[in-house]
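Chemist: As they're listed, the protein sequences go chains A and B.
Here the first sequence stands for residues 22 to 221, where the numbers follow this note's numbering.
Here the second sequence stands for residues 303 to 773, where the numbers follow this note's numbering.
The hints are simulated quantities; they were obtained by calculation from the structure and are not laboratory data.
Please read all numbers here as calculations on a predicted model, not as lab measurements.
For each residue, glycine too, the CB sits at the ideal point set by N, CA and C.
You can take every hint at face value.
Taking lysine to aspartate or glutamate and the DMTMM-like style, the derived pairs with C-alpha atoms no more than 20 Å apart in a straight line are:
hint	chain 1	residue 1	chain 2	residue 2
1	B	LYS464	A	GLU201
2	B	LYS349	A	GLU204
3	A	LYS215	B	GLU555
4	B	LYS406	B	GLU374
5	A	LYS54	B	GLU374
6	A	LYS79	B	ASP619
7	A	LYS54	B	GLU387
8	A	LYS78	B	ASP723
9	A	LYS215	B	ASP558
10	A	LYS149	B	GLU617
11	B	LYS686	B	GLU659
12	A	LYS28	A	ASP197
13	B	LYS464	A	GLU182
14	B	LYS719	A	GLU73
15	B	LYS719	A	ASP68
16	B	LYS686	B	GLU371
17	A	LYS54	B	GLU371
18	A	LYS79	B	GLU623
19	A	LYS71	B	ASP723
20	B	LYS310	A	ASP208
21	A	LYS54	B	ASP378
22	B	LYS464	A	ASP189
23	B	LYS349	A	ASP197
24	A	LYS33	A	GLU162
25	A	LYS215	B	GLU563
26	B	LYS637	B	GLU603
27	B	LYS464	A	ASP208
28	A	LYS54	B	ASP401
Derived DEER-like restraints, expressed as beta-carbon distance ranges:
hint	chain 1	residue 1	chain 2	residue 2	range
29	A	SER217	B	LYS466	20 to 30 Å
30	A	ALA24	B	ALA372	44 to 54 Å
31	B	ASN605	A	VAL161	40 to 50 Å
32	A	SER217	B	THR473	32 to 42 Å
33	A	GLU156	B	ALA372	46 to 56 Å
34	A	LYS71	B	LYS640	23 to 33 Å
35	B	GLY405	A	GLU156	55 to 65 Å
36	A	LYS71	B	ASN512	40 to 50 Å
37	B	GLU374	A	LYS71	29 to 39 Å
38	B	GLY405	A	ASP59	29 to 39 Å
39	A	GLY62	B	GLY547	48 to 58 Å
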Amino acid sequence: MPATPIKQVSGKGVFVPGDDIDTDRIIPARFMKCITFDGLGEYLFHDVRKTESGEDKKHNLNDPRFAQASILVSGNNFGCGSSREHAPQSILRAGYNAVIAGSFAEIFFGNSINLGVVCVIASDADRKLISAAIEANPEVELTIDVENHKISFGDQSVPCEIKPGARDSLLSGNYDPLAELLEGAGDVAATAGKLSYMQA
Amino acid sequence: MSKSLFEKVWDAHAVRQLANGQTQLLIGTHLIHEVTSPQAFGMLRDKDLTVQYPHRTFATVDHIVPTNEAVEPYSDPLAQGMIEELRKNCAENNVTFFDTNTGKQGVVHIVGPEQGITQPGTTIACGDSHTATHGAFGAIAFGIGTSQVRDVLATQTIALNKLKVRRINVTGNLLPGVYAKDVILHIIRLLGTQGGTGFAYEYAGDTFDNFTMEERMTVCNMSIEGGARVGYVNPDETTFEYLKGRPYSPTGEAWDAAVAEWKSFASDEGCAFDDVVNIDATEIQPTVTWGITPGQGVGIEENIPTIADAPTQSEKDSIAEALEYMQFEGGSPIKGKKIDVAFIGSCTNGRLSDFEEVAKYVKGHKVAEGVQAIIVPGSQVVAKIAEAKGLDKIFIEAGFEWRAAGCSMCLAMNPDKLVGDQLCASSSNRNFKGRQGSPTGRTMLMSPIMVAAAAVTGEVSDARQVFGFKS
Chain A
22 MPATPIKQVS
32 GKGVFVPGDD
42 IDTDRIIPAR
52 FMKCITFDGL
62 GEYLFHDVRK
72 TESGEDKKHN
82 LNDPRFAQAS
92 ILVSGNNFGC
102 GSSREHAPQS
112 ILRAGYNAVI
122 AGSFAEIFFG
132 NSINLGVVCV
142 IASDADRKLI
152 SAAIEANPEV
162 ELTIDVENHK
172 ISFGDQSVPC
182 EIKPGARDSL
192 LSGNYDPLAE
202 LLEGAGDVAA
212 TAGKLSYMQA
Chain B
303 MSKSLFEKVW
313 DAHAVRQLAN
323 GQTQLLIGTH
333 LIHEVTSPQA
343 FGMLRDKDLT
353 VQYPHRTFAT
363 VDHIVPTNEA
373 VEPYSDPLAQ
383 GMIEELRKNC
393 AENNVTFFDT
403 NTGKQGVVHI
413 VGPEQGITQP
423 GTTIACGDSH
433 TATHGAFGAI
443 AFGIGTSQVR
453 DVLATQTIAL
463 NKLKVRRINV
473 TGNLLPGVYA
483 KDVILHIIRL
493 LGTQGGTGFA
503 YEYAGDTFDN
513 FTMEERMTVC
523 NMSIEGGARV
533 GYVNPDETTF
543 EYLKGRPYSP
553 TGEAWDAAVA
563 EWKSFASDEG
573 CAFDDVVNID
583 ATEIQPTVTW
593 GITPGQGVGI
603 EENIPTIADA
613 PTQSEKDSIA
623 EALEYMQFEG
633 GSPIKGKKID
643 VAFIGSCTNG
653 RLSDFEEVAK
663 YVKGHKVAEG
673 VQAIIVPGSQ
683 VVAKIAEAKG
693 LDKIFIEAGF
703 EWRAAGCSMC
713 LAMNPDKLVG
723 DQLCASSSNR
733 NFKGRQGSPT
743 GRTMLMSPIM
753 VAAAAVTGEV
763 SDARQVFGFK
773 S
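This is chain A alone, in the form it adopts within the complex (with noise of 0.2 Å):
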């Protein structure tokens, strides 16, 4: 049975600066040792928040004007390195559910839209503006249109890209394909009695 269908993610905005932001920025392995994503939120970004001896960095992360928001805007790359989910898993779980960014390495892109957390591109010169607009407001609500690709905050909106595909499962509510997958089953089983390998 599909999940509810993701056609638009509303929600207040931080700024995550840089380019390239690797999944052991997003969760550092140390953390991962773990055999279940329980509690995963609260190393979100745990190297970029904290210094060695615990205490808060200044960041947007540890902000408090910014402590309400649930869409992350970053800039290219994002996600890139490791294939870990607990990278997405752990923006889920510490109240993200969306990602603005300039481009996303492919498979955190594909890990996210499977758990439903949206991620879409924009150009460098409107993430500026989106960033600009958060810093100005805090409060300002950002919306993040899957269906007409768009973004929209305060009285602005500038385009967004998602994948076709992507933008599909997200729109329909089967961005976890395992229901679908199940009922190949059959078809499953055809292709791999063709391949010797398959043969027990």
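For chain A, the structure is supplied; the task is to place chain B on it using the hints.
Modeler: This is chain B only, laid out in the frame that chain A set:
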């Protein structure tokens, strides 16, 4: 119509098209480890699903295994919990587990090939982004997330968009002292860390034809650092020679049939590619990263770039951020940076040939005072052969710590970690901020020989000069 290997393997494994336009792709071989599989088994239990093709999933334990502690329970109870969870999940689901007592345990991307599980013309998935390593055999190998590990366990398939294919031809002979690691660091430097997004990389040209399987694996391993989820080399006699006689390789008549089939998967002469890049092997220098992404590398004779060199503001910002983190000055030589730690190992460079090459040159040298040098075999099989050849004694004599098989200092999920802002010369694959376990730790990626040269001189050095390579 002529086709690339990628298209042939894709077509042979495409089950059907899904509603959103993605392909349901059969994953013939599934490799799992302790970090990204427990949650997937948990999801299966929650949904009351079972492993559909248990004979096509193989497990090992690598990320959390301490390399200096053989006896369980490990001193880290979280690590102990993870290995026990994997044991339980494999036993309950009839999955083969290369456990620490089998003599076959090791880094998943080293175990698959050396057991002969990794074969040409197959699809392989693993919850680890360095799965492209297996592409060295002409397999299409994907790094996947944990929900997809669940999908493979439950259905033996994943939902995926077809990739484009970029052929990267490298031609000519590598200069003495230049290795496969330098080839991939050079490619990433040229094409960027996101240049491969949406592509599978087909590595070709006579440089690759002449490479051993282990060299091909080193290059394919780091495809993802260039943004490419998949990287492969077409199978040839070198591939078949490597696979012959391995535990999971076919035997007898089945071997001949398999080789014929494997050959048929190679890219057809003259087939079309979405993009082609040509690289002259003689232009590749021993390459070292100075920054915080694998694309931030320079030749050993070059200087670190300055902020002013960068053409765009975002590149200027990236260089500034990297220089600040690495505590390097723009425009200064890469050579001569004082190191604290030297690490040789990982799924990139933890194979027998890496250790044989290092042993050949470090014999008679001593690790510099104040440098901690650790050398970590990628698998128990590698360790056993290296020890039988006496390589461990050469390393220990030179002042290296010879450890047990595991991921070790590549990623900081075990006791091998940098402390404070230590600078590490590393044969691993990622130099991200904090990658090696300390939030301020600094990593410089290079070939194992270059790590060895840094270890014995105490600073980033040109191995060709340190070890007297003849050019």
